[in-house]
Amino acid sequence: MKVIAEIGWNHMGDPVLAEEMISAACESGADISKFQYWDPSLLKSGDWDNDGRREIYNKAALDIEKINRLEELCENSGCEFLLSVFGTKGAELISRQGQEKVKIPSHETTNLKLLELASNTFSYIYFSAGASTTYEVEKAVSVLKNGNAEFSLLHCVSSYPVKDEFANLGRLDWLRKFGVPVGLSDHTQSTLVPAISVGFGAEIIEKHFTIDKNLPGRDNKFALNPDEFKLMTENIKVAVGSIIDRGLDFQEIENDTVNHYRGRWEPDDYA
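Just so we're aligned: the sequence shown equals residues -19 to 251 in my numbering.
What the hints contain is simulated information worked out from the structure, not anything from laboratory work. All values derive from a computational prediction rather than experimental measurement. Check before you lean on any hint, since a few could be wrong.
Said to hold, decoys possible - For lysine to aspartate or glutamate, the following EDC-like pairs were computed, each having C-alpha atoms within a straight-line distance of at most 20 Å:
hint, residue 1, residue 2
1, K157, D207
2, K(-18), E208
3, K69, D19
4, K119, E80
5, K46, D27
6, K46, E116
7, K210, E183
8, K93, E118
9, K193, E35
10, K201, E35
11, K(-18), E80
12, K193, D207
13, K125, E145
14, K(-18), D27
15, K210, E(-1)
16, K(-18), E55
17, K217, E51
18, K210, D192
19, K201, E72
What the hints assert, rightly or not - Have a look at the derived ranges for each label pair, beta carbon to beta carbon:
hint, residue 1, residue 2, range
20, A111, G32, 47 to 55 Å
21, P196, I44, 23 to 31 Å
22, S103, K143, 18 to 26 Å
23, D229, D207, 38 to 46 Å
24, L228, N38, 34 to 42 Å
25, N128, I224, 26 to 34 Å
26, K69, G159, 25 to 33 Å
27, R156, V238, 16 to 24 Å
By construction, the Cβ of each residue, glycine as well, lies at the ideal position given by its N, Cα and C atoms.
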């Protein structure tokens, strides 16, 4: 089981805040701290020009020096470091910097050029299969399978945030048919939904993380804080343990019941 803390842009470009978030995420049970790489000069015009997001994109953008520093901080905190990319230029840049794993977000499902490049450049790809039709996911998987990288498919409902009743965890059963590891990139605010997904075969859980929900930006508002994230990871551990296949016959821990409780009543009570 891998648990990814999606810090993303919640650090707002503040290196001290980023360091605090990495440390808190790892202490709360994360195996991986994930950030996002983009080039602000490639951002098209859109709603983000009027709602403050462009300013955040500019402020939180990472350069090579910042990437190297974040990777170092993750290593010192005992977490793996991971980046999402949004285009081929970003993928090429972080590959040149020695990144062997990458996350491709849901809104790049149909970016087949990115998928082809990533599948022949990186050793492992976390692919988020949200906001996509079955045909689009099948097409993306066919491209990924033609490459050299191993990959996993993460079920995602790409809305911010997602109400629990729209988590649609049954879709994991369909993703498992592709024969690769599956997981959940979860946008609910629940600490329980990720644990439930384990019963559907999830081996990877990704969840937005913050140390302060009052920080600027949409993602900080619905991300889990350290206490919530820790509770989520504890729930996941319980779920992982509870689905271990112990066979169909009674277990050794039931020996006392079998040996000492059977036959406590008169034989004529049995058919």
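Which numbered hints are broken by the structure, listed smallest first? 1, 4, 5, 6, 13, 14, 17, 19, 20, 22, 24 and 27
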